[in-house]
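Q: Counting the sequence shown from 1 gives a position; this note's numbering is that position plus 468.
Rather than coming from a laboratory, the hints here were simulated on the basis of the structure. Quick caveat, the model's predicted, so the values are computed rather than measured. Careful, some of the hints might be misleading.
Using 27 Å as the maximum straight-line C-alpha spacing, the simulated BS3-like pairs for lysine-lysine come out as follows [as the list claims (entries may be wrong)]: (1) LYS596 - LYS625; (2) LYS574 - LYS596; (3) LYS535 - LYS479; (4) LYS647 - LYS574; (5) LYS596 - LYS535; (6) LYS627 - LYS647; (7) LYS625 - LYS574.
Computed spacing ranges between beta-carbons, pair by pair [as the list claims (entries may be wrong)]: (8) ARG554 - GLN605: 35 to 41 Å; (9) VAL555 - PRO621: 50 to 56 Å; (10) THR520 - ARG542: 47 to 53 Å.
Glycine residues also receive a C-beta, built at the ideal position from the N, C-alpha and C atoms.
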Amino acid sequence: IKSLRKPSGRKPGGQPGHEGNTLELNDSVDNIVDEKPGMCDECGDSLDGCDTELDYITQIISLPELKPLITEVRHYVTICRTCGKRVKAHSRRRRSNAVVYDASVKGFVVYLSTVQFLPYNRIAAFFKEVFGLEISQGSMVNWINEARCSAEPAIEKIKENIVQSPVFGFDDSCCYCNKHLDWA
């Protein structure tokens, strides 16, 4: 395939005289480390208690450790001292699986599948390698279907608004419409 661009004659990369872009210092930092010399590099004397002045600031951006947060929820039954009835704590969950994934895990799977278009086996591999979690493809399918069902009313409303709109602002992107490839 031959490029239709005409050569500019310049070398690739940043050009002389071009102002580079640098990250700005962030006002909100999580940790501050004061780095001070311990001894004089001229005479070798200790610098403890000597006057200091700030020379410059460096900010290091890092990602937090990626590890699952596991919360154990203990469901109790309490016996009423007046009537003897066994009263269960009201739980949002039914008593089925001992271990479940919460909305943050499900939402991340849905995002990776529907926005990033990752296949199920790559999503499963990512969760295994990064978090040490083994998620079945069946669970992923269920979560994506749940998300689709939850989004259905909003999708229908968007369709209504598009149909009633006098102007459609589409480009020539291809998309699937009623399971057929079409162009918008």
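Q: All the hints need checking, so say for each whether the structure fits it.
A: We went through each hint and held it up to the structure:
Taking the CA atoms of LYS596 and LYS625, the gap is about 38 Å. The hint is violated against a cut of 27 Å. About 15 Å separates the Cα atoms of LYS574 and LYS596, which keeps this hinted pair within 27 Å; it holds. Restraint check for LYS535 and LYS479: not satisfied, since their Cα atoms lie roughly 44 Å apart, outside the 27 Å limit. Of the supplied pair hints, the one linking LYS647 and LYS574 holds, its CA atoms being roughly 25 Å apart against a limit of 27 Å.
Of the supplied pair hints, the one linking LYS596 and LYS535 holds, its CA atoms being roughly 11 Å apart against a limit of 27 Å. For the suggested pair LYS627 and LYS647, the alpha carbons sit about 16 Å apart, so the restraint of at most 27 Å is met. A distance of roughly 24 Å separates the Cα atoms of LYS625 and LYS574; the hinted pair therefore holds under the 27 Å criterion. Checked against the hint of 35 to 41 Å, the pair ARG554 and GLN605 passes, with Cβ atoms roughly 40 Å apart.
Here the CB-CB span from VAL555 to PRO621 is close to 37 Å, at odds with the stated 50 to 56 Å. For THR520 and ARG542, the hinted distance range of 47 to 53 Å is satisfied, since their beta carbons lie about 51 Å from each other.
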